[in-house]
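So the protein lines, in turn, are chains H and Y. Residue 169 in the numbering used here sits at position 169 of the first sequence, and the numbers go up by one each step. Residue 307 in the numbering used here sits at position 307 of the second sequence, and the numbers go up by one each step.
By construction, these hints were calculated from the structure, which means they are not laboratory data. Just so you know, these numbers come straight off a predicted model, no measurement behind them. C-beta atoms are modelled at their ideal positions from N, C-alpha and C, and glycine is treated no differently. Be a bit skeptical, because a hint or two may be false.
[Unchecked claim] Derived pair list, reagent style DSS-like, types lysine-lysine, alpha-carbon separation capped at 27 Å:
#	chain 1	residue 1	chain 2	residue 2
1	H	K88	Y	K545
2	H	K292	Y	K545
3	H	K161	Y	K88
4	H	K481	Y	K61
5	Y	K532	H	K90
6	Y	K511	H	K61
7	H	K396	Y	K519
[Claimed, not checked] Covered, in the sense of this in silico footprint (three residues per stretch, anywhere, with C-beta under 8 Å from a C-beta of chain Y), are these stretches of chain H:
#	segment
8	116-124
9	382-388
[To be verified] Restraint-style ranges between C-beta atoms, simulated for each label pair:
#	chain 1	residue 1	chain 2	residue 2	range
10	Y	G346	H	V376	27 to 37 Å
11	Y	D359	H	S190	55 to 65 Å
12	Y	N134	H	E156	26 to 36 Å
There are 2 protein chains.
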Amino acid sequence: MNVALAQINYHIGNFSDNCKKIKDAIEKAKEKKADLIVFSELAVCGYPPRDFLDFTDFIDKSYNVLYDISELTDNIAVIIGSPSYNKKVKGKHLFNSAFFIHEKEIKQIVNKTLLPTYDIFDEYRYFEPNDEFNIIDFKGHRIALTICEDLWNIFEDGIYKINPMDELSKLNPDLIINISASPFSYIHDSERERILVANVKKYKIPLVYVNHIGAQTEMLFDGGSMVINSKGVIVEELDYFKEDFRICNIDNISSFFSHHSPSTIKKVSKIEKIHDALVMGLRNYFEKQGFKKAVLGLSGGIDSAVVLVLAERALGKENVLAVLMPSKYSSDHSVSDAIQLAENLGVKYETLNIQDVVDTFENTLQPVFNNLPHNVTEENIQARTRGVLLMGLSNKFGYILLNTSNKSELAVGYGTLYGDMCGGLSVIGDVYKSEVFELANFINKDEEIIPLNTIIKPPSAELRPDQKDSDSLPDYSILDKILYEYIELHQGPREIINSGYEETLVKRILKLVNTNEYKRYQTPPILRVSPKAFGMGRRLPIVAKYLS
Amino acid sequence: MNVALAQINYHIGNFSDNCKKIKDAIEKAKEKKADLIVFSELAVCGYPPRDFLDFTDFIDKSYNVLYDISELTDNIAVIIGSPSYNKKVKGKHLFNSAFFIHEKEIKQIVNKTLLPTYDIFDEYRYFEPNDEFNIIDFKGHRIALTICEDLWNIFEDGIYKINPMDELSKLNPDLIINISASPFSYIHDSERERILVANVKKYKIPLVYVNHIGAQTEMLFDGGSMVINSKGVIVEELDYFKEDFRICNIDNISSFFSHHSPSTIKKVSKIEKIHDALVMGLRNYFEKQGFKKAVLGLSGGIDSAVVLVLAERALGKENVLAVLMPSKYSSDHSVSDAIQLAENLGVKYETLNIQDVVDTFENTLQPVFNNLPHNVTEENIQARTRGVLLMGLSNKFGYILLNTSNKSELAVGYGTLYGDMCGGLSVIGDVYKSEVFELANFINKDEEIIPLNTIIKPPSAELRPDQKDSDSLPDYSILDKILYEYIELHQGPREIINSGYEETLVKRILKLVNTNEYKRYQTPPILRVSPKAFGMGRRLPIVAKYLS
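Pulled out of the complex, with its shape left as it was, chain H reads as follows (with noise of 0.2 Å):
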């Protein structure tokens, strides 16, 4: 039996793009004399839909891409994901469903039974779990369709009380297929591997495996579908951030045996692999809205020179505009070392003087302020300045502001709020400083793009004479520890204090991560590329008391 993996990047409720994308997929898969053809997850609307599932119409029109599909499955077999409706009168209304199409017929649903509903997943918020199990019957095999999470409860200690798997494999199933919308993080793709070989050397029978390729806002999904063998072996392996097509006889599989697995991702290093996150990310939020050109402020710092290279290799170097805005805080090297960069990368720039602007705002001030001293108060004037300056040329010309905050800085509130945290996508907020140095240096690899004094000065938001981020934060390679521990680790005080830190060093930055939360409430959607990103998957109260 052939089977063809449609790695494809859908766009949430664009049906009619989606529909054509399916469409062209399997005619191609028809052309190449696929038995069956397997998409992703909510391939049909885009994952995920979140709640536009609350409406009737949304659903209905995943309905009508079902129905115009199946039009073609005259010789071929279509699996794919949708939501679909649940007619019991008990229960949530939904599934999340895998249809099996053929004949120009939907021959079965199987919904899906376990639903993710922790950091970025909200799935029990839609859908009914399912509890009945069925065997697909194709072409002398006998599927066990699953979808996701279903394969992910397979050891132990798993949240959920059942395993599909467990069930399904009492009925005889000769191949796992898994539609998947699984989303990218530095860590997740060895994860993923892990649990689906367990999976396969469990029940000992081969897998095809179809995930999610590209971005939705800050879900950043990676592809990396592949087929094992009932070895264990990975035979095929598509694909990483870019859409994909194989087409894989499932049949002749078994006698690969080789503990070479042709895995490419692993050869790639956690921060190439955050790169080519985020300029996907980047990418696709450009595309799926309609945009092309972005602008941002180029202080002459790692961050924000960071920034403007993934923007430049996303977006191509006549769409980004680079804004200088100097103040009197601002260093020589700071304007130079910007300027070297949008020169090296080719990228146009301007110069903007904030000084009076910043005056005026002091001037019209003083009645009120009454001369009293100058404070953090006239360091935020000077970053909502450049903010107000950044929205003014994206509101002009149709520029999308891109922010620049790190996940260091938005962690302890060291940022200012409608100031430096504007913007319409945070590219770099899920990237500790210590990370943000790394992918400075793995840009750099073979020649230097970022200045090297952009790398090596101290980190200063210049907002006043001779200010550095080391005056009021401790050293980012303890801060980023003691963060990591608490943000990504969910350690307690206790637990991070006995791992060797300082205890008022912990209780003070604890105390400033949850004291910021408001902050990070405001924040632009932030592209996830941790396993625990602000946003979405971290959800914290504004108004509490706890470790404050």
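Chain H is fixed; fit chain Y onto it per the hints.
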């Protein structure tokens, strides 16, 4: 049996304050000879704790409160909500539990069966659902102890397959106790009463119901705890929007048989409920964050006028600063109406002229804008200049900026990001413009607090000469009805058109709502008063093409 109902305003993660309030209530109940005291759902840690539940330290601190209060239970029993560990290997690690504590011992733990995971609720994100049912035997009574949602699946078409009271009723209980964290919306109090009475009528035993009270950022809990006798008559009803305490001898309530239920809430109009909820929401936000003072921009329009009145009522006139920031497009009336309102309330006001800053922004941008005609860009610069001035006052003096956007403009994106969309808290972001008018009239019911001219003049953003909202938007009387059908009722375009609205208009409005999701993503938290508010309760993708 004397049962005490303790309706308390908890603070999320503030274990020491919560513990003190709980202990004080126990002491009071003991003095008044109560046999049992009942607290609300997750009382120990506050509701909703959200991802703080991922921290072992947070759960351990909840247990410590339970151990602490159990010391007081020598001659009184306590029922109280807290997270608890699930000790089984499979399943999520926590339950949402009700602890029955007596004679200094945790005698029984009852876990929540139905975990609301819709709108603002995320309970299945954290908790394992219960599937074991037991009765609590106490003082000759057989108590069916349930937690909030557990009583809400009573009708045939429920969203859960199981109804916990059907299981518990097999064990012959003679009393239902329900501990809740059931948030306010202007229809939720009557829904709640209907559901509770339906349970009593079905199982023919009395019900003791204890609810949260107080605001947790955007979620407002209105209290209204009650006792219903076995005939379905409300025999005790605690206060709304206030802490309250009541003792009820539940053995003597079956004789009440009246069609007059002493419900106070039903006498109150929708607008009065919204008014009271917003005042509580504002007050609690400030109290729980440790803030005292608020600032807001007072334009002379109706939105900021209503917010100023609510702030004065919540925080006291001495804690509110109104800032007038007229431009060359402001009408004379706007200034005089704003001053009149501030004087009516006895609230301090300042006037700042924005024109110098706006001119300096335009001069600074001139080399890039290059004499392009004025457009919405320059309007946004005015709004953002006001935002920066207000945030300057906030930073310098510690005022919290109140956002004054209404739900209609948030819906269609008629507002400036980082301009009038700034603020720590959105006070009327869940109140449609037509309801803002109703609020203004309610505020003026006894005397003209808000100048009549503010109410009767045509709404305008005053960002260009003679601008009116109706230049860009349909009349609010029509706009708000279409928005309500789309947002609150989840009607799609066909249903809304079929209900009598013009097709082009409906499609234009739905497109505006969907394409402005990116703006709402960066909106401050919004006090929730309707069944469907923007924010956590309405989750939509930004990058999408549905109806846009």
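Evaluation of the provided hints:
1. A distance of roughly 31 Å separates the Cα atoms of H:K88 and Y:K545; the hinted pair therefore is violated under the 27 Å criterion.
2. For the suggested pair H:K292 and Y:K545, the alpha carbons sit about 17 Å apart, so the restraint of at most 27 Å is met.
3. A hinted pair counts as satisfied when its Cα atoms are at most 27 Å apart, and H:K161 with Y:K88 qualifies at roughly 10 Å.
4. Proximity of H:K481 to Y:K61 is assessed by CA-CA distance (about 25 Å); at most 27 Å being required, the pair is judged to hold.
5. Between Y:K532 and H:K90 the CA atoms are separated by roughly 23 Å; this keeps the pair inside 27 Å, and the hint holds.
6. Note on Y:K511 and H:K61: the hinted pairing holds, with a Cα-Cα distance of about 17 Å set against a maximum of 27 Å.
7. Taken as a hint, the H:K396 and Y:K519 pair is honoured in the structure, with Cα atoms around 17 Å apart against an allowance of 27 Å.
8. Residues of the segment 116-124 of chain H with a Cβ under 8 Å from some Cβ of chain Y number 4, which satisfies the need for three, so the listed coverage holds.
9. Against chain Y, the segment 382-388 of chain H contributes 4 residues with a C-beta closer than 8 Å to a partner C-beta. That satisfies the three-residue criterion, and the hint holds.
10. Take Y:G346 and H:V376: their Cβ atoms lie about 31 Å apart, and the range 27 to 37 Å holds.
11. Checked against the hint of 55 to 65 Å, the C-beta distance between Y:D359 and H:S190 comes to roughly 57 Å, which is consistent with it.
12. For the pair Y:N134 and H:E156, the beta carbons lie near 27 Å from each other, so the given range of 26 to 36 Å is met.
In terms of the numbered hints stated before, the structure departs from hint 1 and from no other.
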